[in-house]
Amino acid sequence: MRKLLILLFSGLLLFTGCATVEYTGRKRFIIISEEEEIGLGNEAYSEFIKDTTLSQDKEQVDLLNRVGNRIAAAVDKPEFTWEFSLVDEPETVNAFALPGGKVVFYTGILPLCQNEEGIAVVMGHEAGHVIARHGAERISQGMVTNLVGSALAAAIAGKTPEAQVAILNGYGYAATVGVLLPFSRKHEYEADYIGLILMAKAGYDPGAAVDFWERMLEYSKGSVPEFLSTHPNDENRINAMKQNLPEAMKYYEESMAK
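The sequence shown begins at 1 in this note's numbering and counts up one residue at a time.
Hints are computed from structural coordinates only; laboratory data are not their basis.
Since we're looking at a predicted model, the values are computed, not measured.
The beta-carbon is built from N, C-alpha and C at its ideal position, and this holds for glycine as well.
Wrong hints could be hidden among the right ones.
Here are the computed lysine-lysine pairs in the DSSO-like style, where the Cα-Cα straight-line distance is at most 30 Å [what the hints assert, rightly or not]:
| # | residue 1 | residue 2 |
| --- | --- | --- |
| 1 | K250 | K186 |
| 2 | K50 | K77 |
| 3 | K250 | K27 |
| 4 | K242 | K186 |
| 5 | K77 | K186 |
| 6 | K27 | K186 |
| 7 | K58 | K77 |
| 8 | K27 | K77 |
| 9 | K186 | K221 |
| 10 | K250 | K77 |
| 11 | K258 | K77 |
| 12 | K77 | K221 |
| 13 | K242 | K221 |
| 14 | K242 | K258 |
| 15 | K27 | K221 |
Have a look at the derived ranges for each label pair, beta carbon to beta carbon [as the list claims (entries may be wrong)]:
| # | residue 1 | residue 2 | range |
| --- | --- | --- | --- |
| 16 | N65 | E253 | 25 to 31 Å |
| 17 | G25 | K58 | 37 to 43 Å |
| 18 | E235 | S46 | 22 to 28 Å |
| 19 | F48 | A257 | 37 to 43 Å |
| 20 | E22 | F48 | 22 to 28 Å |
| 21 | E218 | E36 | 37 to 43 Å |
Using the sequences and the accompanying hints, generate a full structural model.
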């Protein structure tokens, strides 16, 4: 049953529109327009800002905006309205981006960033999510997963309630662990790769990314096993970055030569 459901899901991906991710060339599955995606991002950002406390530390806010504007210039997407916000939560080690260029940092991640280049690592990664349209891809995957789940529920309507529960639970596990989580981890690796290039194009040494993730590895000991996580294991992503550094350094050298 699990193999059948994954094959069905994969078949749906093949028969819907695909686009190509900038820099990586990966074919992605998206069924909502970029305009719709940006609208959703703007709406989510407006709701988020209403209920949060922004930092009043001018030096940190100015630094965040300086790095953000340099990364945004490297992205070169005039259709995006970039905005960078610093949330005053020292205990929250996180950052995220929304479609259209809304990037949020929490003050708790700044000590791990340590400096401007560390902030550029995180900023480049989040901008990578934006230009690769990972938000739209996850929404599209969720829509298809729900569609397949509804079709499966209708198909097994004649079975006993116990059988229906067992089958639907199996589908939920297969869809989450077999499809959605791996896609999410793929997005993280892709954002890491694009982020290296963006920070390099913006004039930041991409080697700082390895240093940042080594600090994150030390901070996040005892995390969830990778196969049940939406994020890659820190050691694995560090190794992937080291492999991608030579390519990113070419962009950095070009930016320094200008």
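Does the Cβ-Cβ separation between N65 and E253 fall within 25 to 31 Å?
Given range 25 to 31 Å: holds, Cβ gap about 26 Å.
Taking the CB of E218 and the CB of E36, does the distance hold inside 37 to 43 Å?
holds, 40 Å
Does K186 sit within 30 Å of K250, going by the straight-line distance between their CA atoms?
Within the cut-off at roughly 24 Å; holds.
With the threshold set at 30 Å, check whether the alpha-carbon distance from K250 to K77 stays at or below it.
holds, 22 Å
Does K27 pair with K186 here, judged by a C-alpha cut-off of 30 Å?
holds, 12 Å
Is the straight-line distance between the alpha-carbon of K242 and that of K258 30 Å or less?
holds, 25 Å
Verdict for E235, S46 (Cβ pair) under range 22 to 28 Å
For E235 and S46 the Cβ distance comes to about 38 Å; the hint is violated.
Satisfaction of hint between K77 and K50, Cα-Cα up to 30 Å
holds, 27 Å
Quick one, are K242 and K186 close enough, alpha carbons at most 30 Å?
holds, 17 Å
Given the proposed pairing of K77 with K221, does the C-alpha separation stay at or below 30 Å?
Violated - the C-alpha atoms of K221 and K77 are around 37 Å apart, more than 30 Å.
Cβ distance range 22 to 28 Å for E22 and F48, holds or violated
holds, 26 Å
Proposed proximity, K221 with K186 (alpha carbon, max 30 Å)
Given pair K186, K221 holds - Cα atoms ~21 Å apart, limit 30 Å.
Consistency with the previously given hints fails for numbers 12, 15 and 18, ordered from lowest to highest.
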